[in-house]
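> Each chain, written out:
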Amino acid sequence: MNSVIKGAGYILAFTPDMVMQNGTTQTTEKIVNPDSEYLKKVPEHLRSYEEVLAYMPNQTYIGNMTPDELATYEQPWYDKKAPVCDRYGKYGEIMPQDEFLMLMQICDVFDLCHLEKSFVAAVKPKAEAHPLYTEDMIAKIKDGVELSEIEHFVNDEHAEPLYHEGKLVGYVKRAHDVDTNLSAHVIHENLVSKASCVLSLLHLIKATGINKDEVDYVIDCAEEACGDMNQRGGGNFAKAAAEVVGLTSASGSDVRAFCAAPTHAMIEAAALVKSGTYKNVVVCAGGCTAKLGMNGKDHVKKDMPILEDMIGGFAVLVSENDGVSPEIASDMCGRHTVGTGSSPQAVITSLVATPLDNHGLKIPDIDKYSPEMQNPDITKPAGAGDVPLANYKMIAALAVKRGELQKADIANFATEHGLVGWAPTQGHIPSGVPAVGPLCDMIKEGKINNAMIIGKGSLFLGRMTNLFDGVSFIIQKNSGKAEESSVSEEQIKSLIAKAMKDFASTLIADAE
Amino acid sequence: MSILNGKKVIIIGDRDGVPGPAIEECVKTAGADVVYSATECFV
Numbered sequence: 001m002n003s004v005i006k007g008a009g010y011i012l013a014f015t016p017d018m019v020m021q022n023g024t025t026q027t028t029e030k031i032v033n034p035d036s037e038y039l040k041k042v043p044e045h046l047r048s049y050e051e052v053l054a055y056m057p058n059q060t061y062i063g064n065m066t067p068d069e070l071a072t073y074e075q076p077w078y079d080k081k082a083p084v085c086d087r088y089g090k091y092g093e094i095m096p097q098d099e100f101l102m103l104m105q106i107c108d109v110f111d112l113c114h115l116e117k118s119f120v121a122a123v124k125p126k127a128e129a130h131p132l133y134t135e136d137m138i139a140k141i142k143d144g145v146e147l148s149e150i151e152h153f154v155n156d157e158h159a160e161p162l163y164h165e166g167k168l169v170g171y172v173k174r175a176h177d178v179d180t181n182l183s184a185h186v187i188h189e190n191l192v193s194k195a196s197c198v199l200s201l202l203h204l205i206k207a208t209g210i211n212k213d214e215v216d217y218v219i220d221c222a223e224e225a226c227g228d229m230n231q232r233g234g235g236n237f238a239k240a241a242a243e244v245v246g247l248t249s250a251s252g253s254d255v256r257a258f259c260a261a262p263t264h265a266m267i268e269a270a271a272l273v274k275s276g277t278y279k280n281v282v283v284c285a286g287g288c289t290a291k292l293g294m295n296g297k298d299h300v301k302k303d304m305p306i307l308e309d310m311i312g313g314f315a316v317l318v319s320e321n322d323g324v325s326p327e328i329a330s331d332m333c334g335r336h337t338v339g340t341g342s343s344p345q346a347v348i349t350s351l352v353a354t355p356l357d358n359h360g361l362k363i364p365d366i367d368k369y370s371p372e373m374q375n376p377d378i379t380k381p382a383g384a385g386d387v388p389l390a391n392y393k394m395i396a397a398l399a400v401k402r403g404e405l406q407k408a409d410i411a412n413f414a415t416e417h418g419l420v421g422w423a424p425t426q427g428h429i430p431s432g433v434p435a436v437g438p439l440c441d442m443i444k445e446g447k448i449n450n451a452m453i454i455g456k457g458s459l460f461l462g463r464m465t466n467l468f469d470g471v472s473f474i475i476q477k478n479s480g481k482a483e484e485s486s487v488s489e490e491q492i493k494s495l496i497a498k499a500m501k502d503f504a505s506t507l508i509a510d511a512e
Numbered sequence: 001m002s003i004l005n006g007k008k009v010i011i012i013g014d015r016d017g018v019p020g021p022a023i024e025e026c027v028k029t030a031g032a033d034v035v036y037s038a039t040e041c042f043v
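Protein sequences, first through last, are from chains A and S. With the first letter of the first sequence counted as 1, position 360 gets the number 360 in the UniProt record's numbering; the numbers rise by one all the way through. With the first letter of the second sequence counted as 1, position 21 gets the number 21 in the UniProt record's numbering; the numbers rise by one all the way through.
Worth flagging that the hints you see were computed from the coordinates, not collected in a lab. Just so it is clear, CB atoms sit at the ideal spot from N, CA and C, and this is done for glycine as well. Worth double-checking, as some hints may not be accurate.
[To be verified] Residues from chain A shown here face chain S by an in silico Cβ test under 10 Å; the list is partial:
no.	residue
1	A290
2	G339
3	G341
4	S343
5	P344
6	T349
7	E372
8	Q374
9	I378
10	M394
11	A397
12	S431
13	G457
14	N466
15	F468
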């Protein structure tokens, strides 16, 4: 039987100070043009926590608005206020920066992350009040340190500073004197990824109600690498995050494939469950500091707020078929192969058309497509266009070419078979998976029957291949558990009756 | 005659648009000399 999606958790962490400290657009500018006008203007363009709560794409990400509701508002969205401005939504939360810094400290098991005394005094009560933190997590909050200690490590020991509201409130120190893979920069990046993954797992557990002991396996599909000088990407973020959350029965591993990794991981999770290897597999990922403020120069140039101020995270639970939850059709996966080629037509054919052809389906037979779900508010001012819309146009064009759609219907295809983008440009975070939660809800509500999730990855950025990558899978309405059960009660009765009848006939024949 | 014939070309493709290798194939047929081709990811 196909495995099913039991639920999803989606979180955002508001990290405005990390935009300047850790976003590569800003850190690169500090090196090549330290006196630039852009760097001077960044602080004026950072949003407040209240503003990010009121931002509609953020409320959509955590489940307080549906993508369809978001689509009713004219773009741009950054100058409009969301009808709901809550911290918590049905999928997760938008965590403020001070609490996120403390969560990073909670997730640090090597005594590398330290926070200032008065900061700890102010934020610890907030952590203790968090509805999902465990006692073990609270017990990991360390006493604060003196500001002089922080300054010493930042100024003299290559530590990564932690700022809140422009004030130095902590540090992440290097884990080795010479190993660049354990530098303060890498440890900081990895702690952010781990902490945002942990928060996503907590919300997934709440959303699905699964007993923590029942999670068998965790797959992390972020884009960071953890390891030392002898194994730079050794891993394992998955198990590290599972440990903090208390998934004591789980093992895990990391899947890496740039932005396509979440879709690869979902396909693998579905196969692991369908094969009977595991009953409950979680696919999860934390976010990425490097991409904070990635398009900031264009946002500042256009006098907009810097919208890439959020760390993203997600977690999805894939389980045995319960007869109710949406299924993953494991036999209908698309994949961009080594030989596919890089033309847009070849890419969309391999990811969308080929798996449908294999099952006699046409492109319009899929009710909704979720390719790259980047928020157009972020990408359009930067000249990258509306990425989801560009993908829908490409899929529609292919459908026209195949005679499955009228040319005149291309414009409507995005509305009827697509969703507007709402996810932050955090690489793997917007890639197909943000829609898993909302699409499963739409299937359960009977609004749609099926949907295709498409993940794409820019492998060429790693300089090992010029190849592009992508995979896709289909989620569909549950066909009902009984449908695939081996033999029904009626069939058993009928078989027994037939056997007895045959036996009686034999006895009669023998007697004669 | 193609405007690209004999010209040296630098290509920056877009992952979600037209990638570098696809542009490369097109301009080569128009007689261009590709001196650099890359695909960038802006998201």
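> Of the numbered hints stated previously, which ones are contradicted by the structure, given in increasing order?
1, 2, 6 and 11
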